[in-house]
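Generate coordinates for the entire structure from the input sequences, incorporating the hints supplied.
Protein chains in written order, with UniProt numbering: chain R, 1 to 235; chain Y, 1 to 235.
Since the hints were derived computationally from the structure, they do not count as laboratory data. These figures come from a predicted structure and were not determined experimentally. Be a bit skeptical, because a hint or two may be false.
A pair counts as met if it fits within one copy or between any two copies, since identical chains are not told apart.
Claimed, not checked - SDA-like mimics (lysine to any residue), calculated; alpha carbons at most 20 Å apart, straight line:
1) 143 <-> 27
2) 143 <-> 37
3) 143 <-> 210
4) 143 <-> 10
5) 143 <-> 57
6) 143 <-> 194
7) 143 <-> 179
8) 143 <-> 48
9) 143 <-> 107
10) 143 <-> 64
11) 143 <-> 4
12) 143 <-> 32
13) 143 <-> 110
14) 143 <-> 195
15) 143 <-> 176
16) 143 <-> 163
17) 143 <-> 180
18) 143 <-> 117
19) 143 <-> 81
Number of protein chains: 2
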Amino acid sequence: MSAYELWYWPGIPGRGEFVRLALEAGRIPYRDVALEPDAVAALQQELVTPRDHPPLAPPWLRAEGMTIAQTANILLFLGERHGLAPDELAGRLWVNQVQLTIMDMAAEAHNVHHPVSVALTYEEQAAEAASAAHAFRTDRIPKFLHWFERVLLHNQPWLAGARWSYADLSLWHLLEGLAFAFPQRFAGVARDCPRLIQLHARVAALPELADYLGSNRCQAFGDGLFRHYPELDAA
Amino acid sequence: MSAYELWYWPGIPGRGEFVRLALEAGRIPYRDVALEPDAVAALQQELVTPRDHPPLAPPWLRAEGMTIAQTANILLFLGERHGLAPDELAGRLWVNQVQLTIMDMAAEAHNVHHPVSVALTYEEQAAEAASAAHAFRTDRIPKFLHWFERVLLHNQPWLAGARWSYADLSLWHLLEGLAFAFPQRFAGVARDCPRLIQLHARVAALPELADYLGSNRCQAFGDGLFRHYPELDAA
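Pasting the structure below:
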């Protein structure tokens, strides 16, 4: 019986993956509810169960009697408790700041294929998505990636210095997601971002992640936060 | 000379307001750069100034030699340093979780009038905005507000119990913004949320906020995060 439980939808990496990577690289034992047969029903039941600190949506982590929701908040807890971020104030806030910026970009990447409503399918908003994708490719991908590159000019080899933090893991996953969803555009902008590409390679090579990334628990992107619709990509 | 500096765009409350309310209610002295004549030029200059921990966008807070960006991250700092959130782990994480949920809803409220691109005007994406507004009114306003109401069923009189936290102030501002932008729809959903309306009144009556709310430093919403376009509202 693991001390921690990660609750997230099965079948996609989604926002749960940012938490999963920290648990895996931190070698923290956890029960992964998404791997269990009745995961969807269990999540739906939990979402309506009365509790003092209810989550609005997955992911949430059960830990030490707490139900902790919001991806960046879960990571803040794991960072403090398991040394996956600096201890001192400035470093801890900096890693949280970078993580929140990663989550902002992930939300924007999702808005590209669902600009009107999460309650409609992509096909029902494909015209609006085409406009949103143009803006995301033209303005937002360069804005965010150039900012990360600038950050790595002053923070080496990792985002918070000498040791990787949960934000490095999340940034790797964000880059993986962008390269999956917008392969042509990502390749173009990545040419201007050598430090970012080095960081990406450095995370992929972490011994702490080797088992997980080589396992069948590590899921394909599919129809989650990051989606590949060829018509939404361009150089 | 104040110890702290709040950097945010002038002319709108925007995301800066969530920080400003915490500084004001916490009676924390600060320099408000938005009130200074050359604020825009100063912000633009700071955004390109090389530094170890650069902000991607305002707001950011200068404090104790740090440049802290991301609204919820600034509030996390202020909460810890100035007792504007519980000290103990579970309460601190809970307040951060609620704050992140507030920021999610604020971002969605912004996406309603800018569903395609922040680089285009509202008028250039008014048709897409009409579709986004329908979904926001129908699905998202009830989803978020009913969740806050459910939270207040278990957390009284404030979100984290006996004393107000920065998340109570932010929730008040979120409700003000929704009532401004979507007056008809907000009024309808608010009828199902008596605890939320009580919390709203309780924050508005805080003696710690009286000076600020009665001053001309407290700005109208205007064309910021929350915007009132009558064609985007409906009962």
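Going down the list of hints, with the structure as the test:
Within a single copy, residue 143 and residue 27 get their C-alpha atoms no closer than 34 Å, and across copies no closer than 36 Å, so neither meets the 20 Å cut-off. Taking the shortest alpha-carbon separations for residue 143 and residue 37, neither the intra-copy value of 41 Å nor the inter-copy value of 27 Å comes in at or below 20 Å. In the homo-oligomer, the alpha carbons of residue 143 and residue 210 never lie at most 20 Å apart, since the shortest distance is 31 Å inside one protomer and 39 Å across protomers. In this homomeric assembly, residue 143 and residue 10 never come within 20 Å of each other (Cα to Cα): the closest approach is 32 Å inside a single copy and 22 Å across copies.
Taking the shortest alpha-carbon separations for residue 143 and residue 57, only the inter-copy value of 11 Å comes in at or below 20 Å, while the best intra-copy value is 28 Å. Taking the shortest alpha-carbon separations for residue 143 and residue 194, only the intra-copy value of 15 Å comes in at or below 20 Å, while the best inter-copy value is 42 Å. Proximity of residue 143 to residue 179 under the C-alpha cut-off of 20 Å is restricted to the intra-copy arrangement: shortest distance 16 Å within a copy versus 32 Å between copies. In this assembly of identical chains, the alpha carbons of residue 143 and residue 48 lie at most 20 Å apart only when taken from different copies (12 Å versus 39 Å within one copy).
Taking identical chains as interchangeable, the C-alpha atoms of residue 143 and residue 107 lie at most 20 Å apart whether they share a chain (15 Å) or sit on different chains (18 Å). Taking identical chains as interchangeable, the C-alpha atoms of residue 143 and residue 64 are never at most 20 Å apart, the minima being 39 Å within one chain and 28 Å between chains. Neither within a single protomer nor between protomers do residue 143 and residue 4 lie at most 20 Å apart by alpha-carbon distance, with minima of 36 Å and 28 Å respectively. With identical chains, the CA atoms of residue 143 and residue 32 are never at most 20 Å apart, being 35 Å at best within one copy and 26 Å at best between copies.
Both within a single protomer and between protomers do residue 143 and residue 110 lie at most 20 Å apart by alpha-carbon distance, with minima of 17 Å and 19 Å respectively. Taking identical chains as interchangeable, the C-alpha atoms of residue 143 and residue 195 lie at most 20 Å apart only when both belong to the same chain, with a minimum of 15 Å there against 41 Å between chains. Within a single copy, residue 143 and residue 176 get their C-alpha atoms as close as 17 Å, which meets the 20 Å cut-off; across copies the closest is 31 Å, which misses it. With identical chains, the CA atoms of residue 143 and residue 163 are never at most 20 Å apart, being 26 Å at best within one copy and 40 Å at best between copies.
In the homo-oligomer, the alpha carbons of residue 143 and residue 180 lie at most 20 Å apart inside one protomer (19 Å), although the nearest pairing across protomers, at 31 Å, exceeds that limit. For the homomeric pair residue 143 and residue 117, the shortest alpha-carbon distance between copies (13 Å) is at most 20 Å, but the shortest distance inside one copy (25 Å) is not. Taking identical chains as interchangeable, the C-alpha atoms of residue 143 and residue 81 are never at most 20 Å apart, the minima being 33 Å within one chain and 32 Å between chains.
Of the numbered hints listed earlier, those contradicted by the structure are 1, 2, 3, 4, 10, 11, 12, 16 and 19.
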